[in-house]
Amino acid sequence: MFRFFLRRLAVLIPTFIGVSIIAFAFIRILPGDPVMLMSGERVMSPERHQELTHLLGFDRPLWIQYVDYLGGVVTGDFGNSIVTKRPVLNDFLTLFPATLELSICAIIIAILIGVPLGILAAVKRGSWLDQSVMGFALVGYSMPIFWWGLLLIIFFSGVLQWTPVSGRISLLYYFPPVTGFMLIDSLLSGQEGAFTSAVSHLVLPTVVLATIPLAVIARQTRSAMLEVLGEDYVRTARAKGLPPRRVIGLHALRNALIPVITTIGLQVGVLLAGAILTETIFSWPGIGKWMVDSVFKRDYTVVQGGLLLIAGIIMIVNLIVDMLYGLVNPRIRH
Amino acid sequence: MKTKLTFAAALLAATMLSGAAGAKTFVYCSEGSPEGFDPGLYTAGTTFDAAAHTVYNRLLEFKPGTTETVPGLAESWEISDDGLQYTFKLRPGVKFQTTDFFTPTRDMNADDVIFSYERQLKSDNPWHQYVAGAAWEYFNGMGFPDLIDTIEKVDDMTVRFTLKQREAPFLANVAMPFASIVSKEYADKLEADGQMQMLNQQPVGTGAFEFVAYQQDAVIRYRAHEDYWNGKQPIDDLVFAITPDASVRYQKLKAGECHLMPYPNAADVEEMKADPNLKVMEQEGLNVAYLAYNTTQEPFDKVEVRKALNMAINKEAIVEAVFQGQATPAKNPIPPTMWSYNDAIEDDPYDPEAAKKMLEEAGVTDLSMKVWAMPVSRPYMLNARRAAELIQSDFREIGVNVEIVSYEWAEYLDRSKAKDRDGAVMLGWTGDNGDPDNFLHTLLGCDAVGGNNRAQWCNEEFDNLVTQAKQTSDQAERTKLYEEAQVVFKREAPWATLDHSLSVVPMRKEVEGFVQSPLGDFAFEGVDIVE
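Residue numbers (the working numbering), protein chains in the order written: chain L, 1 to 334; chain R, 335 to 865.
Derived from the structure by calculation, the hints contain no laboratory data.
Every residue gets a Cβ at the ideal spot worked out from N, C-alpha and C, and that includes glycine.
You may find that some hints are simply not true.
Calculated lysine-lysine pairs in the BS3-like style (CA-CA distance at most 25 Å, straight line) [what the hints assert, rightly or not]:
#1 R/397 x R/704
#2 R/456 x L/85
#3 R/358 x R/429
#4 R/423 x R/358
#5 L/85 x R/523
#6 R/751 x L/297
#7 R/704 x R/636
If we take Cβ atoms under 7 Å as the criterion, some of the chain R residues that face chain L in the derived model are [stated by the list, open to error]:
#8 465
#9 579
#10 580
#11 744
#12 786
Residues from chain L that keep clear of chain R, each with C-beta distances beyond 12 Å, as calculated [claimed, not checked]:
#13 5
#14 64
#15 71
#16 108
#17 140
#18 166
#19 223
#20 227
#21 232
#22 242
#23 257
#24 263
#25 273
#26 316
#27 320
Turn these sequences into a full structure, and let the hints guide you.
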């Protein structure tokens, strides 16, 4: 097992270096000189332009910039943002919990609703229930997030006034962040009503972010279930007189879940993409919006640092998942 | 659950508007996050609203609602006869804010003023690079390093600036956010503690509001400054709720989650005006959008050709299509809210027939030209592509064939400067300091050819007028010179002036005392909530 771990880790290092090269090169390939963008319509003299380029270190050969950068990254220094001048790592660590909290809630909702809907649709194949679940899934899957978010805000916050419009918690509550997760921090703060406020702020963005993964999971569950329901062992289970609930819940579902779990894993990427728009609509202070703003401002250090950190986290999660698979299924280890 | 949420939301909205525990809290749904809290380091209006106009003051301030300067931390000033020495007498008894992180032991004095400027001016000052990559962009952009010769402390309450050349806009420049006065005592303390970067995260100034906390990309909190030299504020707390999307800001305003918002969607403005709970302020912004011909290239070197093209553009249609009416057609290169705006000038009439005839008389037939359209939305031109298409069809009417070109933004700015560039470039400007020099000299002076002067237009008569105005301290005289310069501009037509966009500020009807700034600032000094 330990050797398996080492093997996986060895693969990770070149991958990480590869990602760092891509992250470093990607933003520099885009046209647009960051120094020029800093001044906008105000024309900068060529001398001043050169001075600033030098100050930011962009006049050095690319490979030296890269080696310097990598050296910093290894020691935990991701550089300072060109725009805000703040350390990239600090900003990331401040903002990431917000994205994580939203993503976790969204994926939980997507699973809790998507899987049962998929099972129901499969079991009642061809019924009106199946038709409508699949219809909704299709609509959900093709929903433009921005429009959907706005629609929910206008209806639930504007017309019905059930939920707050945006933000993570009411402005009445203020406490220094402890974990960065508002649900936990609001409980820790001990302020009355803080937790309820945090939950009510989380409802709409979670629904919006969960929509696409929910649709995908429901469809995947349905088709996986349909396949499994046709298998011999399911027929055998039925034939030996097991109650339908047990056949579906135990024999069919367990096997059908394997592709569904893979799908859920793949939704992590979808969540991050969706988070960019969702965070913008709901004024949610996470990393999605932070990254997009940085691309527009050609904030090289933030974009490359952010990409690297996100990629690093995904790689580590993958490593953990691989290890778990290895534990569960010894065949994978070899 | 639903009922609970309804109740919670209603309760929150109610408590927010009435203010918890009797404290008056004003919530501003701001459009973005500040880059930091040291106004010297940045150039974005969003940052200035959050740092400069709340926490800090300047030697001079802009009189609310105008582009004129009035005494701020300097009670009075004298300008030497040669126009090179500016001696500022500081206001006595001005207190810095006492916060959780700093308690001042003395009042504001000359040391603070000198420190605030020298940290930006002198590269050997320990604060010059206190954050990596500090570029003091505005200080440099306004030409201060080449302008300021010395800054001396005459006595504790008097500071003298000696300039290298006469520069009348200097007074307007010291009222700009980058010239905010920071506390030297606080800076010394941070330096001693090895915490210099905190100056950019936890600011201390003399302004109307003191900084409490910033939750990144979410909320900024301020408290009214108890000992503010210009009087305690009617509100107790000021909160910036960062809300990047304009539609969402509007929803928050409607729901009573904020009191005032900037930059609404043009499409929402009519509905806002009809809402009995809201009121809407409107004013021309300190900006202009223009189409700059390259006046050195044939046939645009001929005044009649430029005039004819200007007469072919239907500006009303552009304002309607691009801004849904939230802009006014421009006739001068400076906006109407700026002093010295020459309202006596008649705009070229929209008359395609006459334009066509003028072109023929100038001997121009079968003209094909490029019109450059910016790839980004700017405050003065929300959709350059759309405007360029309208101009294209206007020009087709008079037999001129237009090809629309565009580049990536940084590339666009760079290429459009070239002296041998072709066609006409669409661009615009947002004023920095409310001084006409900042438009007329910066954008149309001979010095700016190959740079900000996209028309590559160097007219001796015009240039003399604006240069003379720059070197004259007397405002009445300057006004006359600028008015005359605008007449020359209109006659020579180096640009087609397109529009001044309106700055629209919707707010709850209970908001009192907000004054719209022609400079586009959002400042909340004197603002109150009256039920």
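Hints versus structure:
{"no.": "1", "hint": "R/397 x R/704", "verdict": "violated (43 Å)"}
{"no.": "2", "hint": "R/456 x L/85", "verdict": "holds (20 Å)"}
{"no.": "3", "hint": "R/358 x R/429", "verdict": "holds (23 Å)"}
{"no.": "4", "hint": "R/423 x R/358", "verdict": "violated (35 Å)"}
{"no.": "5", "hint": "L/85 x R/523", "verdict": "holds (21 Å)"}
{"no.": "6", "hint": "R/751 x L/297", "verdict": "holds (21 Å)"}
{"no.": "7", "hint": "R/704 x R/636", "verdict": "holds (17 Å)"}
{"no.": "8", "hint": "465", "verdict": "holds (4 Å)"}
{"no.": "9", "hint": "579", "verdict": "holds (5 Å)"}
{"no.": "10", "hint": "580", "verdict": "violated (11 Å)"}
{"no.": "11", "hint": "744", "verdict": "holds (4 Å)"}
{"no.": "12", "hint": "786", "verdict": "holds (5 Å)"}
{"no.": "13", "hint": "5", "verdict": "holds (36 Å)"}
{"no.": "14", "hint": "64", "verdict": "holds (17 Å)"}
{"no.": "15", "hint": "71", "verdict": "holds (16 Å)"}
{"no.": "16", "hint": "108", "verdict": "holds (16 Å)"}
{"no.": "17", "hint": "140", "verdict": "holds (21 Å)"}
{"no.": "18", "hint": "166", "verdict": "violated (5 Å)"}
{"no.": "19", "hint": "223", "verdict": "holds (33 Å)"}
{"no.": "20", "hint": "227", "verdict": "holds (37 Å)"}
{"no.": "21", "hint": "232", "verdict": "holds (45 Å)"}
{"no.": "22", "hint": "242", "verdict": "holds (37 Å)"}
{"no.": "23", "hint": "257", "verdict": "holds (29 Å)"}
{"no.": "24", "hint": "263", "verdict": "holds (29 Å)"}
{"no.": "25", "hint": "273", "verdict": "holds (18 Å)"}
{"no.": "26", "hint": "316", "verdict": "holds (24 Å)"}
{"no.": "27", "hint": "320", "verdict": "holds (28 Å)"}
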